[in-house]
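These protein sequence lines map, in sequence, to chains L and C.
Residue numbering for the first sequence is 232 to 492, as defined by the numbering used here.
Residue numbering for the second sequence is 232 to 492, as defined by the numbering used here.
In short, the hints are calculated from the structure, not lab data.
Don't take each hint at face value.
Copies of the same chain look alike in the list, so a pair counts if it fits in one copy or across any two.
[Stated by the list, open to error] Cut-off 30 angstroms, straight-line C-alpha distance, at most; resulting in silico cross-link-like pairs (BS3-like, lysine-lysine):
| no. | residue 1 | residue 2 |
| --- | --- | --- |
| 1 | 467 | 297 |
| 2 | 381 | 295 |
| 3 | 400 | 335 |
| 4 | 381 | 291 |
Chain by chain, the residues:
2 protein chains.
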Amino acid sequence: NVVVILERTPLTEDLVDDIMSPATDYSIEMKNDIYTSLRLFPKVSAGALKSTVIHPATEKHINKYKQHAVFCVRETASDYNNITLPYITSSSFSLQWLYNLLAKKAEVDRIVYEDDDQVNGFMLVPDLKWDCKQTSNLYLCAVIHRRDIKSIRDLRGEHVQLLENIRDKGKQAIREKYQFNVHKLRIYFHYQPSYYHLHVHFANVSYNSPSCTLGKAHAIDDVIDNLKMDSDYYSKCSLTYILKENDPLLEKFKEAGRCFD
Amino acid sequence: NVVVILERTPLTEDLVDDIMSPATDYSIEMKNDIYTSLRLFPKVSAGALKSTVIHPATEKHINKYKQHAVFCVRETASDYNNITLPYITSSSFSLQWLYNLLAKKAEVDRIVYEDDDQVNGFMLVPDLKWDCKQTSNLYLCAVIHRRDIKSIRDLRGEHVQLLENIRDKGKQAIREKYQFNVHKLRIYFHYQPSYYHLHVHFANVSYNSPSCTLGKAHAIDDVIDNLKMDSDYYSKCSLTYILKENDPLLEKFKEAGRCFD
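Looking at chain L on its own, in the form it has when it is part of the complex (with noise of 0.2 angstroms):
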């Protein structure tokens, strides 16, 4: 068995002159008015791919790499405690490189910056998805220091001043270490989150990642103004996200006499 993953390369600037050369085969697909549209047949260095082969390939990989369809799961509060918490408990993923990083056991020379207090306090830290070079892709995380709330769901209206202050501070210490315009950030929460202990994504807003779709991301602005309005708006309210086919809790849904088929 082998996994071949065939990818186009980026087109960056200094690809343009080679494109844009007299060496150049085209075709003129239309041409209306002003509008011309073609297909240029650069050579063979600009038009490089990108391969990545796994041999031998265990099912496993191939699972991994193989298509999976995705279904939007609306998620009422009785869901949540009959399906989702059972399955979260259940599953105790393990938080201990988080605790490793909140006790400065591990990451020390990333953080960003910290409010030690442990009720509102919080650790700001890159997200490993960005490289800190560039703030194009700016991507940071806020993990908070208390350990009492797993996701959106066990938010309360005693946690406004939490988050207020995360935004707030978190927003700050944006500005001042990358001078960046905090205008320009998507300030959010995923649900389901990828570990069950709070924290906020800060990320610049021209940055489209899928992760930041309807069905998966919260903005934090929204979420302080539900709990302001009613302390137990994410106990009652029901929530949409997004699963692949293969996902056990999808697979707890359907146990539950949904059918997604």
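Put chain C on the given structure of chain L with help from the hints.
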């Protein structure tokens, strides 16, 4: 002046044989255990580029294709009344094309479903971005018959029936016409919308277009829940959205004393 747009062409299945042929040069970038990373140089046809040329181009053309900074605007209810609503009204976007559609004077052959009730009815048509060929990027729009609702800001509790009607009959029509699993649908509004006559987007949830990100899209189920909780929710809430630096609405916010620099 000329605008040249260069894009990689999509990697389609019919290219795989060409790319994986012995004639393709390659260089190995990394090898570690079962993982190998390569750069492939297939023959020029497989590395083709798509290009669009606009010549002669006006300043407007150049401006349209320039990369623009984007900003997050948090619009309070009073911002809507004092800034956004006057802007929408004074800009007087023409809806004639839409009224032609609703009156069946145009695009008649594109109608997928119609409920001709003048209060709760709507027309379902494929979005222009969808070629109607494959359901992998299925994308339709439901346009309401009544003309008194510009956007979600105008929605009140009395409109829940209209929204539920669109959601339920829209899903049913898509299931029947395309044999499409409605659990794979993302159903949402845009705010700000591209035109100010209420319409609903029905898209394949696996199609992550930039138009369904946080700060642009609002799930119809969330909107219905909010209206059921508080009939005046959308006349009171704050809404976050993303504007390009050259958007006239952003200028209005700046004139009102908001700083985005």
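Hints and how they fare:
1. Neither within a single protomer nor between protomers do residue 467 and residue 297 lie at most 30 angstroms apart by alpha-carbon distance, with minima of 36 angstroms and 45 angstroms respectively.
2. Taking the closest pair of Cα atoms, residue 381 and residue 295 come within 30 angstroms of each other only inside a single copy of the chain (26 angstroms); across copies the shortest separation is 44 angstroms, beyond that limit.
3. With identical chains, the CA atoms of residue 400 and residue 335 are at most 30 angstroms apart within one copy only, with a shortest distance of 20 angstroms there and 55 angstroms across copies.
4. In the homo-oligomer, the alpha carbons of residue 381 and residue 291 lie at most 30 angstroms apart inside one protomer (28 angstroms), although the nearest pairing across protomers, at 49 angstroms, exceeds that limit.
Hint check: a violation occurs at hint 1 only; the rest are consistent with the structure.
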